[in-house]
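Given chain A's structure and the hints, the job is docking chain B onto it.
Top to bottom, those sequences are chains A and B. Residue 688 is where the first sequence ends in our numbering, and the numbering goes up by one at each step. Residue 688 is where the second sequence ends in our numbering, and the numbering goes up by one at each step.
Heads up, a few of these hints could be off.
Same chains, same names: a pair is fine if it fits in one copy or spans any two.
[Claimed, not checked] In silico DSS-like links for lysine-lysine, alpha-carbon gap of 25 Å or less:
| id | residue 1 | residue 2 |
| --- | --- | --- |
| 1 | K468 | K544 |
| 2 | K376 | K343 |
| 3 | K529 | K616 |
| 4 | K515 | K335 |
| 5 | K545 | K322 |
| 6 | K515 | K529 |
| 7 | K515 | K544 |
| 8 | K322 | K515 |
Honestly, the hints are just simulated from the structure, not real lab data. All of these numbers come straight from a predicted model, not from anything done at the bench.
Protein chains: 2
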Amino acid sequence: MMTFWTQYQPTKVIFGAGETDNIGKHLSEAGYKQVLLIADPFMVQSGAAQRLVDHSDGIIVGVFDKVDPNPTVQNVDAAIKKIQEFKVDAVIGFGGGSVLDCSKAASAGYASQLTAEKLVTGSKITAAMPLICIPTTAGTGSEVTPVAIISWKEKDIKYPLSSPLLYAAIAIDDPRLVYSAPKRVIATPGVDVITHCLDALTSVKHTPISDRHALNGAKIAFDNLEKAVNDQDKKALDNMMLASLIAGLAFSQTGTTGSHACSYYLTSKYRVVHGEATAFTEDEWFRVNSKARPELNQMVQTIGFKDAEAVAVRLNEVKKNIGLRTTLEEINVPLSDLDTVAERTIQANNYINNIIQLNKEEIKQLLLKKSASSAAQS
Amino acid sequence: MMTFWTQYQPTKVIFGAGETDNIGKHLSEAGYKQVLLIADPFMVQSGAAQRLVDHSDGIIVGVFDKVDPNPTVQNVDAAIKKIQEFKVDAVIGFGGGSVLDCSKAASAGYASQLTAEKLVTGSKITAAMPLICIPTTAGTGSEVTPVAIISWKEKDIKYPLSSPLLYAAIAIDDPRLVYSAPKRVIATPGVDVITHCLDALTSVKHTPISDRHALNGAKIAFDNLEKAVNDQDKKALDNMMLASLIAGLAFSQTGTTGSHACSYYLTSKYRVVHGEATAFTEDEWFRVNSKARPELNQMVQTIGFKDAEAVAVRLNEVKKNIGLRTTLEEINVPLSDLDTVAERTIQANNYINNIIQLNKEEIKQLLLKKSASSAAQS
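Pulled out of the complex, with its shape left as it was, chain A reads as follows (with noise of 0.2 Å):
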């Protein structure tokens, strides 16, 4: 018998409430003298990014902002036109996941020297530039994981990219970043924390390692989140972006599973945000996954649940307190789609992922203990 597990997270993390106002100090240890800035555009506007290039001893050479919220292949295709333009030596990505994610894709596609196109077609990856990333919201984890996921939406392609070469160089995660952020934007990323740990769990590759991970995370992220978006409380807020770190330790391990792989078409045809669309079904599938590996119902003792149900309703309390909506009649979903639902989950490529293989049928049946009528049930 020669089961093995591997563990591999090569990104250097810095932790710390005001730690960007140093960037020009760890951007100069790390011996970068040219760097573009891919930014957010709300954090353009908000200031924020201006206050980087300021702290950056001159570093920071150039600013591109041209980043939707699911980035796509003309995003990164611009963005690796301002790498050559600016002939820097690495990027900063600085913003929620999707910039994070164009940011990956910008830094490999320039250094394979391949298009976007060909990037979300599959060629390989070959090399990539030294990349900073800086998230704006707890929740990604995206700063220390290796994917990047990018839309082709004229081909109605979302390709998430993989290669150990997209984990970042250096993360740098500071709390200060979400201290003003509206509470929605502290809501869906929040949760997202914690669907990623459940995610990470419940993943054929999870490990010793990863587990413990998964496990401490979900526990800081059930501690905090409620406090974080009600109150904005600072300290919620540090522990939010220290629960989506770790939370990225786990999930860079293992890839995410079900509740992400039925998200996505939420996100696409019902506009429904990535975090509260992956929170939607994570409670659901977490009671089914936790029947293919029981050993759950103890593990979640350590954190202090009775069992694993304690957690998919304790879930479903959270995303209530924080103001998500918890059935498929408030995201506007009729179960006449149901079916398509369930067979885009099935085809997303993390859903191999996922602890136990369910069916079309069986989907649709996760799917429909989410109508109002059921909910009122559970």
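Coordinates of chain B only, in the frame set by chain A:
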């Protein structure tokens, strides 16, 4: 306020019983063509080194086994010479902590063009060859740390080399390698796993991530060490290899602290083996340190201990149950030499990591608790 912490551990870990039989696949996947094996002499005698060579698909082109228990500058220089002689592109370290440390130093010395004497007198490491670390004891954790301790015996120097470049590219943790180890070779590295974890919890450099690894590693080691030593139970030995790895992930970030600082003189003067020497005072260090970090009393509750005191009591119990000595009289240290033990503790490089800085007199008082008369009372 700009306090921050970092996390960096770039080694790819491969964990699995029997996995060293796939060494050829792992070496070729990493792109290595000619590799030198630096092996523990005992692994050469036992045939384990030859088995590794046989499974390397011809990639291991040379074997070097002149490594002493506390590796010397002469050992390192001889290993560097072998690297030159065989013109290899990577090095495997295959043994306990001593062999892994020697391999790290040789790979750095060769690539930085520095002799071992230069290395241990502080010349900067600027490069290192790719290194594969395969521990043959469940305890060192050195396969995932950036440190190598090398001795220059003629000058009474025992120097901890430290550089991010000393991280192995690949670590292969194969529990099968310890299945037939003698009890003592399970016991002393095994108890060192616990000291690595407790040291990490009481380091000024502890982080939220190292803390969880340390608690997790300690829990697994406390649950499995006695069974691993006394029954040589395979499942318990698998778990000890896992605990050793996790402890390494913790103290790779924090360094070691009081128990280790206090151990070196016990080893050099009184020939107390490393793990027995670090564990000898660890319970007392943990008692003292938990007063400086009182939250440890709550933290250890998450792994089933009432408080820090209960951890110290349990550690002492484990030591006795696996046949280790627990009093100054047993290890033949006269009370008249405690002054020197205390002095050497303070001089050790890692003592500054300890969360509370005891003075010489206070360390002597701590040591006195290890006299037979005190130990009987506690």
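Open item on the list: So, against the hints stated earlier in the document, which numbers end up violated here?
Closed with: Hint 1 is the one this structure does not satisfy, whereas the remaining hints hold.
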